[in-house]
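S.K.: Knowing the structure of chain A, use the given hints to seat chain B on it.
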Amino acid sequence: MFSRPLSRRVFLKASGGALVGTLAFACGPIALLAPSRSWAVTTEQFTTHEGEILLQFTRHVFPHRDLEDAVYALVVKDLDRQADADRNILTLLRDGVMALDRQAGGDWLALEPAQRQASVAESAGSPFFEKIRSSAVVSLYSNPLAFAHFGYQGGEGDMGYLFKGFDDLTWLPDPALPDSGPMPGA
Amino acid sequence: MAQFENRKTFAHDDDSVVVIVGSGAGGGTLANELAQQGIDVVVLEAGALHDRPDFHADEWPAFSQLSWLDNRTTSGSWRIARDFPNLPTWICKTVGGTTVHWAGASLRFHPHEFQALTHYGALDDANLLDWPVGYDELAPYYARAEDKMGVTRTNDIAGLPGNNNFKVMHAGAQKLGYACNTGHMAINSQARDGRPGCQQRGFCFQGCRFGAKWSTLYTELPAALVTGHMELRTQAHVAQIEHDTKGRATGVTYFDKDGNLQRQKARLVAVAGNSIETPRLLLNSASAMFPEGLANSSGQVGRNYMRHMTGSVYATFDEPVHMYRGTTMAGIISDEARHDTSRGFVGGYEMETLSLGLPFMAAFLDPGAWGETFTGAMDQYAHMAGMWLVGEDMPRESNRVTLHGELKDQHGLPIPNVHYDDHPNDEAMREHAYRKGSELYAAVGARDVYRVPPYPSTHNLGTCRMSAEAQDGVCNAYGQSHDIPNLFISDGSQFTTSAAENPTLTIVTLAIRQAEHIGKLMKERAV
Chain A
1 MFSRPLSRRV
11 FLKASGGALV
21 GTLAFACGPI
31 ALLAPSRSWA
41 VTTEQFTTHE
51 GEILLQFTRH
61 VFPHRDLEDA
71 VYALVVKDLD
81 RQADADRNIL
91 TLLRDGVMAL
101 DRQAGGDWLA
111 LEPAQRQASV
121 AESAGSPFFE
131 KIRSSAVVSL
141 YSNPLAFAHF
151 GYQGGEGDMG
161 YLFKGFDDLT
171 WLPDPALPDS
181 GPMPGA
Chain B
187 MAQFENRKTF
197 AHDDDSVVVI
207 VGSGAGGGTL
217 ANELAQQGID
227 VVVLEAGALH
237 DRPDFHADEW
247 PAFSQLSWLD
257 NRTTSGSWRI
267 ARDFPNLPTW
277 ICKTVGGTTV
287 HWAGASLRFH
297 PHEFQALTHY
307 GALDDANLLD
317 WPVGYDELAP
327 YYARAEDKMG
337 VTRTNDIAGL
347 PGNNNFKVMH
357 AGAQKLGYAC
367 NTGHMAINSQ
377 ARDGRPGCQQ
387 RGFCFQGCRF
397 GAKWSTLYTE
407 LPAALVTGHM
417 ELRTQAHVAQ
427 IEHDTKGRAT
437 GVTYFDKDGN
447 LQRQKARLVA
457 VAGNSIETPR
467 LLLNSASAMF
477 PEGLANSSGQ
487 VGRNYMRHMT
497 GSVYATFDEP
507 VHMYRGTTMA
517 GIISDEARHD
527 TSRGFVGGYE
537 METLSLGLPF
547 MAAFLDPGAW
557 GETFTGAMDQ
567 YAHMAGMWLV
577 GEDMPRESNR
587 VTLHGELKDQ
597 HGLPIPNVHY
607 DDHPNDEAMR
617 EHAYRKGSEL
627 YAAVGARDVY
637 RVPPYPSTHN
647 LGTCRMSAEA
657 QDGVCNAYGQ
667 SHDIPNLFIS
677 DGSQFTTSAA
687 ENPTLTIVTL
697 AIRQAEHIGK
707 LMKERAV
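Chains A and B, in that order, give the protein sequences. Mapping of the first sequence onto the numbering used here: position 55 corresponds to residue 55, and the numbering continues sequentially without gaps. Each number in the numbering used here comes from the position in the second sequence (counting from 1) with 186 added on.
Calculated from the structure, these hints are not laboratory results. It is possible that some hints are incorrect.
Unchecked claim - Listed next, with one range per pair, are the computed distances between beta-carbon atoms:
hint, chain 1, residue 1, chain 2, residue 2, range
1, B, Ala628, A, Cys27, 33 to 41 Å
2, B, Asp322, A, Gly125, 38 to 46 Å
3, A, Arg81, B, Ala329, 31 to 39 Å
4, B, Arg330, A, Gly28, 48 to 56 Å
5, A, Ala176, B, Gln189, 39 to 47 Å
Said to hold, decoys possible - Computed cross-link-like contacts, DSS-like style, restricted to lysine-lysine with a CA-CA straight-line distance of at most 30 Å:
hint, chain 1, residue 1, chain 2, residue 2
6, A, Lys164, B, Lys361
7, B, Lys194, B, Lys451
8, B, Lys451, A, Lys131
9, B, Lys361, B, Lys451
10, B, Lys432, B, Lys709
All C-beta atoms, glycine included, are put in the ideal place defined by N, C-alpha and C.
Bound-form chain A, shown alone (with noise of 0.2 Å):
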């Protein structure tokens, strides 16, 4: 998702869209990850309006004030990924982004964001809502970047943490032996 130049296939696909950013903490966790600071996720089947209401509407089901764009852009991937393989979710989610569009008079986006939030509450257990917020659940934590958002260490563990800070939390006593057994080899 991460690029620098933008690739010319995302501008000049025909239909679809795409969601660019810059990440907004340069220093932060993701960056440290990325390639650059520009970031890019194409979608197959919403256009780049629709992904831009999926990816806000996310962010309000899941409000996390310095979690990057980004990361919420790979919900909205998802959802396209859905989309692409189901029909019924396709319309689900364009319907309700119209609908958003509607009430909102025009665009949904251009709502203060008190507003956009007073929508996503009147929507909460609707289908379009529960859509969103079943499939975010899982793919707004389930990977990479979130991880070293959140400050979990995701597959660094599969070698093992017994030398790598398995018990390296030093603000409690150490519990004493046999409490607490013994360092293999020891």
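M.R.: Leaving out everything else, chain B in the frame of chain A:
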């Protein structure tokens, strides 16, 4: 993978073999214990083979790889029916069954827990009963199971070193006056039995890459294969148990990996499909002679479904914890496992550390939740410690596994429906456990405390319970069904009551004892 190659195969019409349905704690152990006696065994495992190199250090992919995801429905007032209506359990469909996923806690039941009716009395709306076997009788088999599984703090095996999550629990326990240590775990603290010591990966639930945690996958099953007396057939989903006109089991039919229906004859059939599939198979095997399903003259098949009183408490702190590093179940407090009605309920519960990775914390913290309370908790993930509360739940006749009236699985077999309502005793115990867990973390300076509802159940018990009298249950003290002498129940379905402790050690203990008994019966030509 030479370790999993069959040294011997048996003909489908060989009616001298013992057929075991399932290869987990019960089935896998029974298979090895029989094979070691020279008894020929065919194990039919519904899942495929996934070994240590195949495991994922990533929660959702691992869940997809290992879990039993065949469709099921739920009903009842439990929250699972609302949050996870088609996922009542978190168990495995893979060679080794749920011993691939379990956390390794291996606590013996307390003596009083085998006599629940005697000690607790007859509670309204509970179907309590004493086990037909007691602690003293099982003690030597517990010892054999602990040795087999390499349980820490038994057999001179050192405890595991404690991780960060343990340190938080331990500090809180000290303030509350609880005893707390790194538990009796079937996880090697040092190399033992050809398997390495624990590397503290933190992916116990996703399958242990190093094989430090005991699982039938790389212990019992390969050991049984080496004898030349056991054949393992994977992706073999048993459809029905068949019987003759005398009412004796004659074998099973099963769908092989290509979906073709096969028949395996047998001298004896042992069912160990976990507490949903085991009663489902007996019910799906109904015949003209047994219209209510096999071994069901008591009407108890599928009833008394227990899943333990569970819940979790997670708490956040000013300083980091990184609870996900190291063993998932890293510390245990047993002080509340006693039976003491002054707390307002019968039975007791264990407090055991538990950690979830970021993806599963999002899924299970408060299913269905959204907004700032939820994200505020997730924002503190790296500063979070957690524990699981697991206690005895009440058996109820109305909590039961039944066959769905309309829905069928991929093989055309009726799917199971799982109905569960919490008993008032379960609710009182959960409230007490939530309070004590919260007090423990508050005592070490918790910022926020979260009461997390029960997860889909890994502990599924009681649906073919053992009883002294045939009218009260499905099988006797050896798991032998009351109605059909050559049909055995070999998993947690046998449990008469749930006790507070994690069930695997007791399932293995019962399987070792059952194997001895089956060997004796076969020698005597009694089966």
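S.K.: Hint by hint, which ones does this structure get wrong, listed from lowest number up?
M.R.: 2, 3, 8 and 9
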